[in-house]
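Asks: Protein chains in written order, with full-length UniProt numbering: chain A, 1 to 247; chain B, 1 to 251.
Derived from the structure by calculation, the hints contain no laboratory data. Glycine residues also receive a C-beta, built at the ideal position from the N, C-alpha and C atoms. One or more of the hints may lead you astray.
BS3-like cross-link-like pairs, simulated, lysine-lysine; straight-line CA separation at most 27 Å [as the list claims (entries may be wrong)]:
{"#": "1", "chain 1": "A", "residue 1": "K139", "chain 2": "A", "residue 2": "K108"}
{"#": "2", "chain 1": "A", "residue 1": "K14", "chain 2": "B", "residue 2": "K81"}
{"#": "3", "chain 1": "A", "residue 1": "K197", "chain 2": "A", "residue 2": "K122"}
{"#": "4", "chain 1": "A", "residue 1": "K139", "chain 2": "B", "residue 2": "K198"}
{"#": "5", "chain 1": "B", "residue 1": "K186", "chain 2": "B", "residue 2": "K198"}
{"#": "6", "chain 1": "A", "residue 1": "K165", "chain 2": "A", "residue 2": "K108"}
{"#": "7", "chain 1": "A", "residue 1": "K108", "chain 2": "A", "residue 2": "K122"}
{"#": "8", "chain 1": "B", "residue 1": "K198", "chain 2": "A", "residue 2": "K108"}
{"#": "9", "chain 1": "B", "residue 1": "K198", "chain 2": "B", "residue 2": "K162"}
{"#": "10", "chain 1": "A", "residue 1": "K227", "chain 2": "A", "residue 2": "K14"}
{"#": "11", "chain 1": "B", "residue 1": "K198", "chain 2": "A", "residue 2": "K151"}
{"#": "12", "chain 1": "B", "residue 1": "K81", "chain 2": "B", "residue 2": "K162"}
{"#": "13", "chain 1": "B", "residue 1": "K81", "chain 2": "A", "residue 2": "K139"}
{"#": "14", "chain 1": "B", "residue 1": "K162", "chain 2": "B", "residue 2": "K186"}
{"#": "15", "chain 1": "B", "residue 1": "K145", "chain 2": "B", "residue 2": "K162"}
Part of the chain A face toward chain B, derived, beta carbon under 7 Å [as the list claims (entries may be wrong)]:
{"#": "16", "residue": "I90"}
{"#": "17", "residue": "V93"}
{"#": "18", "residue": "G148"}
{"#": "19", "residue": "K213"}
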Amino acid sequence: MLQIHNLHAEIDGKPILKGLTLTVNAGEVHAIMGPNGAGKSTLGYVLGGRPGYEVTEGEVTFDGIDLLTLAPHERAAAGLFLGFQYPVEIPGVSNVQFLREALNAQRKGRGEAPLSGGDFLKVARAQAAAIGMDAEMLKRPVNVGFSGGEKKRNEMVQMGILSPKFAILDETDSGLDIDALRAVGDGINRIMRASDKGVLLITHYQRLLDYVKPDVVHVLAGGRIVKTGGPELALELEAAGYAEVVA
Amino acid sequence: MADLATLPTRRDEAWRYSDLEAVASVWPLPAPELIEVAAGESVARVIVQDAPATGTAIRAYRVVLHAGATATFHVLNTGGKLGRVEIDVTCHDGAHFELGAAMLGTGDQTLEIVTTLNHIEPNATSNQIVRSVLGGRATGSYLGKVAVARDAQKTDASQSVKAMLLDRTATANAKPELEIYADDVKCAHGATVGELDKTALFYLQSRGLPPAEAKTLLLRAFVGSVFDGIADADEREAVEAAAQAALERML
Numbered sequence: 001m002l003q004i005h006n007l008h009a010e011i012d013g014k015p016i017l018k019g020l021t022l023t024v025n026a027g028e029v030h031a032i033m034g035p036n037g038a039g040k041s042t043l044g045y046v047l048g049g050r051p052g053y054e055v056t057e058g059e060v061t062f063d064g065i066d067l068l069t070l071a072p073h074e075r076a077a078a079g080l081f082l083g084f085q086y087p088v089e090i091p092g093v094s095n096v097q098f099l100r101e102a103l104n105a106q107r108k109g110r111g112e113a114p115l116s117g118g119d120f121l122k123v124a125r126a127q128a129a130a131i132g133m134d135a136e137m138l139k140r141p142v143n144v145g146f147s148g149g150e151k152k153r154n155e156m157v158q159m160g161i162l163s164p165k166f167a168i169l170d171e172t173d174s175g176l177d178i179d180a181l182r183a184v185g186d187g188i189n190r191i192m193r194a195s196d197k198g199v200l201l202i203t204h205y206q207r208l209l210d211y212v213k214p215d216v217v218h219v220l221a222g223g224r225i226v227k228t229g230g231p232e233l234a235l236e237l238e239a240a241g242y243a244e245v246v247a
Numbered sequence: 001m002a003d004l005a006t007l008p009t010r011r012d013e014a015w016r017y018s019d020l021e022a023v024a025s026v027w028p029l030p031a032p033e034l035i036e037v038a039a040g041e042s043v044a045r046v047i048v049q050d051a052p053a054t055g056t057a058i059r060a061y062r063v064v065l066h067a068g069a070t071a072t073f074h075v076l077n078t079g080g081k082l083g084r085v086e087i088d089v090t091c092h093d094g095a096h097f098e099l100g101a102a103m104l105g106t107g108d109q110t111l112e113i114v115t116t117l118n119h120i121e122p123n124a125t126s127n128q129i130v131r132s133v134l135g136g137r138a139t140g141s142y143l144g145k146v147a148v149a150r151d152a153q154k155t156d157a158s159q160s161v162k163a164m165l166l167d168r169t170a171t172a173n174a175k176p177e178l179e180i181y182a183d184d185v186k187c188a189h190g191a192t193v194g195e196l197d198k199t200a201l202f203y204l205q206s207r208g209l210p211p212a213e214a215k216t217l218l219l220r221a222f223v224g225s226v227f228d229g230i231a232d233a234d235e236r237e238a239v240e241a242a243a244q245a246a247l248e249r250m251l
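Required output: the full structure, derived from the provided sequences and hints.
Replies: Put into structure tokens, the structure is as follows:
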């Protein structure tokens, strides 16, 4: 579903990814773990198409299409979702307004009819309820004044509404208490665990993986995948530390 | 207010950022429109300045607010090679003046809002909110003078002026000018000039909004609430639609 081959990327001329190769098949959840500065967030941003993250070598195909030639909004319309480590606050723009415009822009990109205000609200309310977010928060400006946990729940609400084929979730577990961690984990399973979907979970810690069981675990260090294994690799990392396992 | 007899020059404070060639093309200016509001009464004006791109539009108002009177002005200043709105307000005891304004300009436009608040008696208040979005080589200027007379105690005058530049070639000027001769007054003024938040833009695009729609959404939020106070819903929606159209033209 997602194939990354020999990916090299740099920021301001500084190489960060140095030949990363990875394949995620439909129906799979892959976890990417690794020490600080390994290039985990860079990988997420490169796949999302963030300006300033320049690919210098390699290919990324998503469902057979060349992902790197698409603009960020085209990647979204193709079914890609990037969950942010630090969801952005946007004063003056309400959650519902933004999400309805975003969803309808995606639908338009796919040649589908737009969703009416009423139909959209039903979907949005159902997604908020499923993750345990107060429906009133849908009316508030995007992420403004939200706690860390509320922001991550809001990311899950967005993912639920947009219903992507593939999600790249960048440290979605950071800053969460136990309850929020479980809610977010349940959200990922509910929205993304399907035979025709895929997930790349970027995380520092094993704890999210207690809720979202990965099929494959990769260790990213120095801009490359240095080790790949099953779920047991995450436990091994947690026990021994990155330095030990990578060495 | 301009001296109506002689063409202004750059030395005239109220014209220093103006397009004097355009001013000369319409000189001499007609006398300002006089709006006198009787004690305790209130008046509301909505001004949409959307002259054709080659035009010069200078609108001048002289407002006299008698004791306890209120004037509420909403201004969308977006048209013309030069588009200028001047409002000169005299506040008597306990009067209130309110301004919500947006300047949306691009190309070679020069847009200006020039206000003079004369607080000549005690207890008068004024509140001015101006939001500008400027692209191309446009210049947007807000000149806001507040003159508080010696016995105009308890004056409360505030100005909030923010500008967003879409291109590095655009210019925003924000110039508060305070002349205070009383000692028990509040005159707050804040001015900022910024650019679109790139992280917010990427966030919106990553959710599926095309770049132009993402920018329009952020700019609409920035211009935000300046027209909220327009009491007549139809009038408010018309101004908001005109502002939205102006923003879309700029991108």
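Asks: Confirm or reject each hint.
Replies: Hint by hint, here is what the structure shows:
no.	hint	verdict
1	A/K139 with A/K108	holds (24 Å)
2	A/K14 with B/K81	violated (45 Å)
3	A/K197 with A/K122	holds (24 Å)
4	A/K139 with B/K198	holds (24 Å)
5	B/K186 with B/K198	violated (36 Å)
6	A/K165 with A/K108	holds (17 Å)
7	A/K108 with A/K122	holds (20 Å)
8	B/K198 with A/K108	holds (24 Å)
9	B/K198 with B/K162	holds (18 Å)
10	A/K227 with A/K14	holds (24 Å)
11	B/K198 with A/K151	holds (19 Å)
12	B/K81 with B/K162	holds (22 Å)
13	B/K81 with A/K139	violated (39 Å)
14	B/K162 with B/K186	holds (20 Å)
15	B/K145 with B/K162	holds (16 Å)
16	I90	holds (5 Å)
17	V93	holds (5 Å)
18	G148	violated (16 Å)
19	K213	violated (26 Å)
In the structure shown, a violation is registered for the earlier hints numbered 2, 5, 13, 18, 19, in ascending order.
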